[in-house]
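Asks: Read off the chains here:
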Amino acid sequence: MSDHVKEITAADFDREVLAAGEPVALDFFSTECPPCEALAPKFEAVAEQFAGRVRFLKIFRQGNRELAQRLGVSGSPTVVFFDRAGQERGERLGGDEIKRTALKAQVEALLA
Amino acid sequence: MPESKDLPTRWDLIVVGAGPAGLAAAIYAARARLRTLVLDESVPGGQVKTTHKVSNYPGFPEDVRGKDLAAAFALQAERFGATIRRAVEITEHDLAGPVKRLVLDEEETVEAPAVVVATGARPRELGVPGEPRFKGRGISTCATCDGAYFDGKAIHVIGGGNSAVEESLFLTQFARKVTIVSRYDQLKAEAAIVEEALHHPRIEVVWHAEPRAFTGEGTLQGVRLEDLRTGALSEHPTDGVFVFIGHHPRADLVKGLVPVDERGFVRTGEDMSTPVPGLYVAGDLRAKPFRQITTAVADGTIAALAAQRYVKGLERHAAQVMSPPGPGGAVAETAGSPA
Chain E
266 MSDHVKEITA
276 ADFDREVLAA
286 GEPVALDFFS
296 TECPPCEALA
306 PKFEAVAEQF
316 AGRVRFLKIF
326 RQGNRELAQR
336 LGVSGSPTVV
346 FFDRAGQERG
356 ERLGGDEIKR
366 TALKAQVEAL
376 LA
Chain F
35 MPESKDLPTR
45 WDLIVVGAGP
55 AGLAAAIYAA
65 RARLRTLVLD
75 ESVPGGQVKT
85 THKVSNYPGF
95 PEDVRGKDLA
105 AAFALQAERF
115 GATIRRAVEI
125 TEHDLAGPVK
135 RLVLDEEETV
145 EAPAVVVATG
155 ARPRELGVPG
165 EPRFKGRGIS
175 TCATCDGAYF
185 DGKAIHVIGG
195 GNSAVEESLF
205 LTQFARKVTI
215 VSRYDQLKAE
225 AAIVEEALHH
235 PRIEVVWHAE
245 PRAFTGEGTL
255 QGVRLEDLRT
265 GALSEHPTDG
275 VFVFIGHHPR
285 ADLVKGLVPV
295 DERGFVRTGE
305 DMSTPVPGLY
315 VAGDLRAKPF
325 RQITTAVADG
335 TIAALAAQRY
345 VKGLERHAAQ
355 VMSPPGPGGA
365 VAETAGSPA
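Protein chains in written order, with the numbering used here: chain E, 266 to 377; chain F, 35 to 373.
Everything labelled a hint here was simulated from the structure, so no lab data went into it. Backbone N, C-alpha and C fix where the C-beta goes; we use that ideal spot for every residue, glycine too.
Straight-line alpha carbon distances no greater than 27 angstroms define the calculated BS3-like cross-link-like pairs of lysine-lysine that follow: (1) E/K364 <-> F/K289; (2) E/K271 <-> E/K369; (3) F/K289 <-> E/K369.
Computed spacing ranges between beta-carbons, pair by pair: (4) E/E356 <-> F/Y218: 28 to 36 angstroms; (5) F/Q110 <-> E/R330: 35 to 43 angstroms; (6) F/A266 <-> E/R354: 35 to 43 angstroms; (7) F/E269 <-> E/G355: 26 to 34 angstroms; (8) F/R246 <-> E/Q327: 29 to 37 angstroms.
Here are some chain E residues pointing at chain F (derived, C-beta under 8 angstroms): (9) C298; (10) P300; (11) E302; (12) A303; (13) P306; (14) K307; (15) G337; (16) S339; (17) G340; (18) R357; (19) D361; (20) K364; (21) R365.
Next comes chain E alone, as it looks inside the complex (with noise of 0.2 angstroms):
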């Protein structure tokens, strides 16, 4: 159902953030979170808005849990934005409540 946002592991990581050389939204999902596939069809709406801009991958955190620890992050969903540099930036974004509008927001910003 993805055509805009891959799903990568933590073995991709550097190569698919860090290095990717364009602004990165990348979500980690869990299963058995209403809140995670809540904010899937938003994420591929907005993934599909700025393809070819920023690069929007998905990871699975039961299956990644080392790297998720490594960036703090400990709830999901939870999406971290990286600029071109491979730089966290902005706020990460939580929670049942994400927003279509504040995703693209953040996005943008990282576009800026």
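Given chain E's structure and the hints, the job is docking chain F onto it.
Replies: Frame of chain E, contents of chain F only:
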């Protein structure tokens, strides 16, 4: 799941919020053959979907998972023809007039003569230092989402009501130790689960205490508690905190249109009506003494029946205006706007 992007514009009833109240309203409205659209910014289920199990909803002799109950509500509404639009954001709204309009995701407009607002309530925050910083970094309000990451860990649950105690019991599946922090000298949950919690080998309770700060480097490491009797502060190391201290009304859509109580919950008539004709409020968003799945479902049912009467009344009224008055009979009936 396949979801067509283009919705019809005109509906008989739009329900905002796909929790138990909204979905009960949708079931009744759809069965009454109202063209019914349900909108939710998340997936259906409201607060039920993140409740690990429900034990007091009639019809289920065994516990039912909140997620499953939520899914069943949604399937039942869809079975009768209601359309549920998931993960949608209402970016503009005008609910004051005879035709209520909502703009979805800045791109689609839907309208209906009647709207049931069942947007419920969002978890209340403590409002103490460190809380925003550690939200999603050790502080959670969703045990089913985050509980599994705490296996072997020592965690704290803030609150002593039904949610706090139920979810504490759930969290004992993973955590080595669950410490409930209660403001009172008792837990204000149902006696059955209070007993279970108090006898649980992995659950401890800190009585008459409240968090004053969350601390840690990067991730959450501790919680500072105040003893409400003495004012003494103490530091407690923790691996994670779950907060269940009640809810705030999500009243944005009806702000300024309807009367609210001192906490912002909406006052309605007994038929869930508001002073705005065609606008109904149901579920946890209402000012009322008890907020349960069963009371939400009852509200939704009543709202749908009242809205149905209102919409049919408008239709009859329109039919009369369109055609010359017939001889006698039901001519005098007017639109059933709330008295």
